[in-house]
Structures are given as structure tokens and as C-alpha cells.
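> Going line by line, the protein sequences match chains A and B. Reminder that position 499 of the first sequence reads as 505 in our numbering, one-by-one numbering, no gaps. Reminder that position 194 of the second sequence reads as 586 in our numbering, one-by-one numbering, no gaps.
Mixed in with the good hints, there may be bad ones.
Listed next, with one range per pair, are the computed distances between beta-carbon atoms [unchecked claim]:
{"hint": "1", "chain 1": "B", "residue 1": "Arg479", "chain 2": "A", "residue 2": "Leu338", "range": "36 to 42 Å"}
{"hint": "2", "chain 1": "A", "residue 1": "Ser595", "chain 2": "B", "residue 2": "Gln483", "range": "45 to 51 Å"}
{"hint": "3", "chain 1": "A", "residue 1": "Arg503", "chain 2": "B", "residue 2": "Gln483", "range": "19 to 25 Å"}
{"hint": "4", "chain 1": "B", "residue 1": "Arg479", "chain 2": "A", "residue 2": "Leu318", "range": "15 to 21 Å"}
{"hint": "5", "chain 1": "B", "residue 1": "Gln483", "chain 2": "A", "residue 2": "Pro115", "range": "47 to 53 Å"}
{"hint": "6", "chain 1": "B", "residue 1": "Arg479", "chain 2": "A", "residue 2": "Met337", "range": "34 to 40 Å"}
{"hint": "7", "chain 1": "B", "residue 1": "Lys565", "chain 2": "A", "residue 2": "Leu415", "range": "41 to 47 Å"}
{"hint": "8", "chain 1": "B", "residue 1": "Lys565", "chain 2": "A", "residue 2": "Val284", "range": "53 to 59 Å"}
{"hint": "9", "chain 1": "B", "residue 1": "Met527", "chain 2": "A", "residue 2": "Arg362", "range": "19 to 25 Å"}
{"hint": "10", "chain 1": "A", "residue 1": "Gln499", "chain 2": "B", "residue 2": "Ala635", "range": "49 to 55 Å"}
{"hint": "11", "chain 1": "A", "residue 1": "Pro115", "chain 2": "B", "residue 2": "Asp477", "range": "51 to 57 Å"}
Residues from chain A that face chain B, not an exhaustive set, calculated with beta carbons under 7 Å [claimed, not checked]:
{"hint": "12", "residue": "Pro306"}
{"hint": "13", "residue": "Gly360"}
{"hint": "14", "residue": "Glu361"}
{"hint": "15", "residue": "Ala508"}
{"hint": "16", "residue": "Pro526"}
Only part of the chain B face toward chain A is listed, based on derived beta-carbon distances under 7 Å [stated by the list, open to error]:
{"hint": "17", "residue": "Asn457"}
{"hint": "18", "residue": "Leu459"}
{"hint": "19", "residue": "Glu482"}
{"hint": "20", "residue": "Arg485"}
{"hint": "21", "residue": "Ser486"}
{"hint": "22", "residue": "Met490"}
{"hint": "23", "residue": "Gln494"}
{"hint": "24", "residue": "His500"}
{"hint": "25", "residue": "Ala510"}
{"hint": "26", "residue": "Trp513"}
{"hint": "27", "residue": "Val514"}
{"hint": "28", "residue": "Lys516"}
No lab work stands behind these hints, which were simulated from the structure alone. Keep in mind it's a predicted model, so treat the numbers as computed, not measured. All residues carry an ideal CB built from backbone N, CA and C; glycine is no exception.
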Amino acid sequence: MTDTAAVTTVEAPPEPPGTSAVRWVRDNLFSSVSNTLQTIVFTFILLGLFRWVLGQVFAEEADWTSVATNMRLLMSYNYPAEQLVRIWVSAAALFLMLGMSLGAWGVDPGTSRRGVARTVTSIGVVALITRALLPVAAPAGIASALLVGGLVLSALGVAGLRFIPRARDRRLSFSTVLAGAAVVGIAVLWLVPFGRYGFADGELLAESGVTVAMSTRVPWTVVLVLVVVFHSIGRILGRRIGAAVRRLLLVFWIVGPAFIIFLVLRDPEFDWGRVARVDVPMAAGFALGGAALLFVLARPGREELARAVGALLLAFAVFNWVAAFFGWYPMLQKARISFLLVALAVLVAPTFAGERAVRLRLAGVWIGAMALVHWLITGINTPSTLEIAAPPFLGGLVLTVGIAYYVMLVSFPLGVLLSLARTSRLPIFRVLSTSYIEVIRGVPLITVLFFFSIMLPLFLPNGMGISDLAAVFAGYTVFSAAYMAENIRGGLQSVRRGQYEAADALGLTTVQRTVFIVLPQALRVSIPNLVGQAIATFKETSLIAIVGGFDLLRIANSTIPNQPDFLGQKRPALLFISVVYFVVAYTMSKSSQRLEARLQAGQAR
Amino acid sequence: MSIADQALTDDLAGRRDMIVCRGVKKWFGDFQALSGVDVTVKEREVMVVLGPSGSGKSTLIRCINRLEVHQEGTIIVDDVELTNDTRNIEQIRSEVGMVFQQFNLFPHLTVLDNITLAPIWVRKRPRVEAERRAMELLERVGIPEQAGKFPGQLSGGQQQRVAIARSLAMDPKIMLFDEPTSALDPEMIAEVLDVMKDLARGGMTMMVVTHEMGFAREVADRLVFMESGDVVEVGTPEHFFTAPKEERTKLFLSQIL
Numbered sequence: 007m008t009d010t011a012a013v014t015t016v017e018a019p020p021e022p023p024g025t026s027a028v029r030w031v032r033d034n035l036f037s038s039v040s041n042t043l044q045t046i047v048f049t050f051i052l053l054g055l056f057r058w059v060l061g062q063v064f065a066e067e068a069d070w071t072s073v074a075t076n077m078r079l080l081m082s083y084n085y086p087a088e089q090l091v092r093i094w095v096s097a098a099a100l101f102l103m104l105g106m107s108l109g110a111w112g113v114d115p116g117t118s119r120r121g122v123a124r125t126v127t128s129i130g131v132v133a134l135i136t137r138a139l140l141p142v143a144a145p146a147g148i149a150s151a152l153l154v155g156g157l158v159l160s161a162l163g164v165a166g167l168r169f170i171p172r173a174r175d176r177r178l179s180f181s182t183v184l185a186g187a188a189v190v191g192i193a194v195l196w197l198v199p200f201g202r203y204g205f206a207d208g209e210l211l212a213e214s215g216v217t218v219a220m221s222t223r224v225p226w227t228v229v230l231v232l233v234v235v236f237h238s239i240g241r242i243l244g245r246r247i248g249a250a251v252r253r254l255l256l257v258f259w260i261v262g263p264a265f266i267i268f269l270v271l272r273d274p275e276f277d278w279g280r281v282a283r284v285d286v287p288m289a290a291g292f293a294l295g296g297a298a299l300l301f302v303l304a305r306p307g308r309e310e311l312a313r314a315v316g317a318l319l320l321a322f323a324v325f326n327w328v329a330a331f332f333g334w335y336p337m338l339q340k341a342r343i344s345f346l347l348v349a350l351a352v353l354v355a356p357t358f359a360g361e362r363a364v365r366l367r368l369a370g371v372w373i374g375a376m377a378l379v380h381w382l383i384t385g386i387n388t389p390s391t392l393e394i395a396a397p398p399f400l401g402g403l404v405l406t407v408g409i410a411y412y413v414m415l416v417s418f419p420l421g422v423l424l425s426l427a428r429t430s431r432l433p434i435f436r437v438l439s440t441s442y443i444e445v446i447r448g449v450p451l452i453t454v455l456f457f458f459s460i461m462l463p464l465f466l467p468n469g470m471g472i473s474d475l476a477a478v479f480a481g482y483t484v485f486s487a488a489y490m491a492e493n494i495r496g497g498l499q500s501v502r503r504g505q506y507e508a509a510d511a512l513g514l515t516t517v518q519r520t521v522f523i524v525l526p527q528a529l530r531v532s533i534p535n536l537v538g539q540a541i542a543t544f545k546e547t548s549l550i551a552i553v554g555g556f557d558l559l560r561i562a563n564s565t566i567p568n569q570p571d572f573l574g575q576k577r578p579a580l581l582f583i584s585v586v587y588f589v590v591a592y593t594m595s596k597s598s599q600r601l602e603a604r605l606q607a608g609q610a611r
Numbered sequence: 393m394s395i396a397d398q399a400l401t402d403d404l405a406g407r408r409d410m411i412v413c414r415g416v417k418k419w420f421g422d423f424q425a426l427s428g429v430d431v432t433v434k435e436r437e438v439m440v441v442l443g444p445s446g447s448g449k450s451t452l453i454r455c456i457n458r459l460e461v462h463q464e465g466t467i468i469v470d471d472v473e474l475t476n477d478t479r480n481i482e483q484i485r486s487e488v489g490m491v492f493q494q495f496n497l498f499p500h501l502t503v504l505d506n507i508t509l510a511p512i513w514v515r516k517r518p519r520v521e522a523e524r525r526a527m528e529l530l531e532r533v534g535i536p537e538q539a540g541k542f543p544g545q546l547s548g549g550q551q552q553r554v555a556i557a558r559s560l561a562m563d564p565k566i567m568l569f570d571e572p573t574s575a576l577d578p579e580m581i582a583e584v585l586d587v588m589k590d591l592a593r594g595g596m597t598m599m600v601v602t603h604e605m606g607f608a609r610e611v612a613d614r615l616v617f618m619e620s621g622d623v624v625e626v627g628t629p630e631h632f633f634t635a636p637k638e639e640r641t642k643l644f645l646s647q648i649l
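Excised from the complex, chain A in its bound form (with noise of 0.2 Å):
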């Protein structure tokens, strides 16, 4: 029984045809007559397009200093300026953490000097034919600019085409890229006339032919050039200790963005004495008191016991809810959310037994999880020290991708609980989930939103209150859950009998079987669909215009035309506006195939 692969001589596969440019033209542009009559009609079309998207860029009604001016107001909407600062620090922070994760996962999305040559060329020969589209009411210094720009950048990538032979081209890493191109972002920032935009008390303040403001300046530098070093570390680190550097940086992602918004940028005011008195405490209690009790109820041969313990703290923090609905005794927040987490950890202790090792463990995560919770919640309930003229302190882009980003997040495991509720044995959870899933499927979106900003208050129990945000946010998760789910159950459907038998063959319970074996092949699955979800989450964030919100459509729309300096100016704001969702919603797209790749390389059938 030996599995050595017959060992023959193996030919190397021939060199493929040589792939001059002219030759693809040939052979895929013009190869025939109807061909050639396609690629003349389309490269038209193709150019007429472009023509007259140019026209409206260059149009001269349109006042792209309307855009510079308010890039602040887009990107962080009316945060106070002397603490944007904390913007700074968030951005940078997730830059980093980008950056870090980006190395410890090994991302490389491979390229080679060629590679890079070519994007030189292409980048040129878009530039030159830009130059040949303008209009002619466009400024003359970014006509000349292009002209130069693209003759240099396309002699410079032709030249690298035909000085790095074939033979001789080289893999290039992706640390090598990134680095090359913070070089090339930081002599940008340094070196291109952008001009300096933006209000002084009030005043427009445009000066242009000249190199961005510092402030913009000076951070952006930092944050290009930490970004690589972060990539560097989290390369170092992903491979001498890559589990553990994984598995923090996806806490990280999970909380971590929640501790930007409610701590660095709402900048809570703690009352130090309360947070002794009260707070302290009581995480502590929770902390060590769940983790003993975990310690204890996760031996083996203790799941009888751990299951009736769950079942009564489960009972007591569903009656504390009920309590709290009716004012019959009061109770902070947070102990009652404390005491409903104490009960599902309990709940699914057994499921997680082990031996002592395992259990420390298990206690561990318990301590830090309580540790973090409690910090946010107390963050979250402690008045902010901002002095923010209009009431939301997140607005702009920042808002944007912080709804979009927390959607998604919680509307994920929403979604999948609920996909498995609808696949689940029980009628009682299949009905359940099932009319769930229909009924907001059968609402437009719009509705549920109000429905949560206008209505939810209403149904809140005595002295709680919701900020407007939060209920827009509950509306998307809501909304979102839904078509999860649905995208989920494809995947669900899609595991294989055997696999369910298998898995009980094995002795397996239900919540082992779905966490360890059903779940990761189903969401495997459901990611070209999960992605294409997470895209819509992202643009339909624009909807919060509607109900209240100051995201980035709204501030295109009516804040910046309603400015006095930019009077019915929309065109410049929109078209930008449309430029950064198309940005970030490519990006997703573009990634998503690479995990998918990634994620499929292994298992092929």
C-alpha cells in the first residue's frame, strides 16, 4: 500500500506564442471582417461616452471647488475641527489594522515587474486619451498636465516593457508594492498643485496652484508610510505566531470599530468616581463570577447540570427584561445584557467541554469578552465631551461606512440563526424565522427605516430612549438579517446529506454538527452572494438621507447646494460621490473573488 505517484519524466508544457500587443490586437480585435466593424462601433461608443462624461466633469457651470471645499463636511460631516485629531487617529488605526491583517493573512495578490510596467502604460495611454477628449472649456494647466503626465508615464512603461525581458521578469511581493506605492502617494501629496480649499469661520478660503494644506498633508504621510510598516510586522508576526496574530486581529475587527466610534470619536466623559464605585465592580463580578461558573459547568460528564443552570439564568434574564419593560424594579442596562450573555455562555458551555486547559481558556475569552463590554457600554452610556453644533456626531463618509460596516456585522450572525431556524426540525422555529424572513422581505426598505426612527421609540419601555442613529441602525440590521438568511439557507441547502450523516455517525450533537461541519462549508458557499449583499448594504446606506441622517448623499445633495458660496451646486458633489461608493464597492467585489479562490484552493472535488 504505498501512494508514490508513478514517477515519469514530466515535458514542460511548450512556451505559449509570444503575446506582443499587436499581435493580441490582431488576433482579438481584428480578426475577421464583422470583428473589426464590432471594435470600430464600440470603440466609438466607448469614446463618445467618455466624451461626454468629461463634458459634464468640465463643464462650466460645474464648481469643483465646491467639492475641495467641503471634502471635510463629506468625509466627517461637522465634526468639531480643533478635535479632528480623533478622526485622524480612527482612520489611521483602521488603515493599520488593514494593513496588518493584509500580512498575517499573506494576501499577495501576486504581480511581476511587467505586471507593474504595463499598469504604467495603461494608466499613461487613459491619461493621453483623456487629453484628447477634453473639452475645451477644461483649465488648460490639467490639459497640459495630462499631455505630459501621460507621454512620461507611457514612455516610462513601454521602456520598462521592453528593458525587462520575458526571461527575465520577477515576481514582485506585495510589501514591495504597497511600498511602492506609498512612495509614489506621499510625492503626490507633496508635490501635486491640488490646492489648498476649505471654511475659516466662515469664510471660503480657495487657493489653488498650490500643494494640499498640511493638515491633510503631514497625516496622510504618517499613515502611507505606517501602512507599510504595519503590513511588514503583520507578515513577521502572521508567520512566526500567525493563529494568534489572526485570531486578535479579527477581535479587532469585530470590536474594534465600535470602540473608535463611542470612545475615541464621541470622546465619553467618564465620571471616575462612578466608574470606581459602580462600573469596576460590577465587570469584575460578572468576569469572575461567569468564568468560575464556566470553569466549573464545562467538565465533561456536567452537561445535565450546565444545561438546568443555563436554563435558569436564561429564565432570569428574559423576567429582568420583562421587569424592566414594566418599571417594576430598576436595574442598569448592562447587568441585564450581562446577565443574558452569562446564560447563553452557560447554555453552550457543555458544548465546548474539555479538559482543564481547555476550560482556562474558555474562561479567559469569557474575562476579556465581559471586559469589553462593559468598557463599550459604559462608554456608550457616558455623556460625550463634543461641542457639536447639530446633534449627530457622525455624519459623512464616516457615517456611511460605520452603519454599513455594523450592519453587516450584526446582521450576519442575525442571519444566520435565522437561515438555520428555517432549515431547523422544529416547527415552532421554522414558522417563526419563516414569517420573519417573509414579512421584511415583503416591506421596502424605506418603510422599515421609518418605521424603526418614527415608530420603535414608541414601543421602548419607560425611560429608555433610542438615538436616532441607533434606530436606523436596528432598521438596517433588521432589513439586512432577512436577505442574509436567504443567501445563507442557498448554502445550507447546498451541504450534502452525507455530511449531516457523517457528522452523526460520529456522535456529533446538533450545535457541534452545524458550528464544526454544516455552517463553513454552507457560508463557503453563500460568499459570492454574502458579498454582493454587503454591496447593497453599503449603497443603500444613502437611504438614512431620507430619514434624518447626514450621510454622504445628503451632504451632496442639499447641505452643499445650500451653501451660499455654491448655490445649487450638485453635479461636481454627486459625480464624487458616486466616484467613492464605486471605489469601495469595487474593492469588496475585487476581494471577494480572491477569498473565494483562496477559500476553494484547497478542497476542489
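Fit chain B to the supplied structure of chain A, relying on the hints for placement.
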């Protein structure tokens, strides 16, 4: 009854009952798949179940670890009767290994993780120990070098051997095989049968549904012939292949041999 048969019967009579089926009946809708099956498998016995397709062989062994639920009669596995009580079902399933025709390995886990998953989460063994045991088992089925690969990267025969190792990792008292070689290319059948023979020699209690007559003749202690949900005849391989009693058995054997 020959002397050898008599000796075996005496030997088996002295052993403990591992699987007892009494009057087991099972319907799929209106179709009766099992119509009162009585079979007893003794400790360390290898029992091969034969029969034409649709005769209820697979249904019978799937009832034994309750992948199918029988409607009438009793099934007792290792002195525990199968009822609707979930807890004893999971316990019995962890004592009874099952190997499927389609392997049913978990495609998203490596070979090693396929094998260690149940010992870690059902048996609550430390990961290190579970992995050591998994490597031993992979050694035993002859493919330790494949531990880090995914099932999709293995041949059918290798996958089925991993499936056997996965079942063995739970240290089962009984192994059920549901046509383990039927989905394999001919050149891979032998490598799987070798592992099974090895297991039988090691004293495992086995119930095997198969069409491999060579394996049945060489390894089985007793054969069961089933048709239309009934047990037609039970006996030693010698009895079956030399002097089967029932007409239906003779007909089936003449078609297959």
C-alpha cells in the same frame, strides 16, 4: 453442518451479544424496507450482509446507529436499546463507527482535522493526544504523509482509508461498513479491503454490507443473505459458498459469482 461450522457456532455461542435485532420493521412511506429482521452479531464477529439492491441491507445497518429510525421491533447495541432518547443515541453513535459508500469526509478540513474533530469535541481528548492517535491510525491505514492535505486532493481509495481512520479514532466497539468499496475504481478496492481485513484480524466487531465475495469468503465469520427486507439465510462462508439451503440464496449466488 460441517465440523468447522459446529466449532464456530460453539465459539460464537460463548460470546457476548454486541448487536441484537429482533423483529425490526421499517417503512419508507408505504414501502416496507425491513419486514421483521432478526440478526445477532457477537463480540469480535465479522458479519457480512449480502443481497440484491433494494433488499434492505443498507437500511438495516443504518438503523443500528439510528441514521434511520426503525418503527417496530427492538435493536440493542452493546446492551443499550435504541429509543428516541437523544442522549443515549449520541453515546451509542460514538461507540459505533460507520464507513459510508461515498466516504463523506469533511471537505473543508484537512485529513488530520477530519480524524481529530470527534475525539476532541465528543470524547473531550486533549488536542495533542488526539493528533498523536490520528497519526498512529494514518500510519495503520498506510497514508501518514497525507495528514496535511484536504480530502479533495486524495484518491478515492485514500479517502476511504481516511474515513476508516476517522471512525477508528473514536475507539469504537463496533464498525459498520455500508458498501465501502462500491464507489471506488477497481484498482483501489484492494487497498481498502486490506485495511478492513487487518481490522477484522485485530478482533473488531464488524458488520459489512458488500458485494466483494472474495472478502466475504476470506474474512467473514458469518454471512447474512437478505431479500425484500427479510433475512433469508444465515451461515458460515463455507455453508454459503458450498451448500446454500434456500433457493433464493442459490439464485443470487449463481448470478453474482
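> Look at each hint and say if it fits the structure.
Hint check results:
| no. | hint | in the structure |
| --- | --- | --- |
| 1 | Arg479/B <-> Leu338/A: 36 to 42 Å | 39 Å, holds |
| 2 | Ser595/A <-> Gln483/B: 45 to 51 Å | 48 Å, holds |
| 3 | Arg503/A <-> Gln483/B: 19 to 25 Å | 23 Å, holds |
| 4 | Arg479/B <-> Leu318/A: 15 to 21 Å | 20 Å, holds |
| 5 | Gln483/B <-> Pro115/A: 47 to 53 Å | 50 Å, holds |
| 6 | Arg479/B <-> Met337/A: 34 to 40 Å | 36 Å, holds |
| 7 | Lys565/B <-> Leu415/A: 41 to 47 Å | 46 Å, holds |
| 8 | Lys565/B <-> Val284/A: 53 to 59 Å | 57 Å, holds |
| 9 | Met527/B <-> Arg362/A: 19 to 25 Å | 24 Å, holds |
| 10 | Gln499/A <-> Ala635/B: 49 to 55 Å | 51 Å, holds |
| 11 | Pro115/A <-> Asp477/B: 51 to 57 Å | 54 Å, holds |
| 12 | Pro306 | 4 Å, holds |
| 13 | Gly360 | 5 Å, holds |
| 14 | Glu361 | 5 Å, holds |
| 15 | Ala508 | 4 Å, holds |
| 16 | Pro526 | 5 Å, holds |
| 17 | Asn457 | 6 Å, holds |
| 18 | Leu459 | 5 Å, holds |
| 19 | Glu482 | 5 Å, holds |
| 20 | Arg485 | 4 Å, holds |
| 21 | Ser486 | 3 Å, holds |
| 22 | Met490 | 4 Å, holds |
| 23 | Gln494 | 5 Å, holds |
| 24 | His500 | 5 Å, holds |
| 25 | Ala510 | 4 Å, holds |
| 26 | Trp513 | 5 Å, holds |
| 27 | Val514 | 5 Å, holds |
| 28 | Lys516 | 4 Å, holds |
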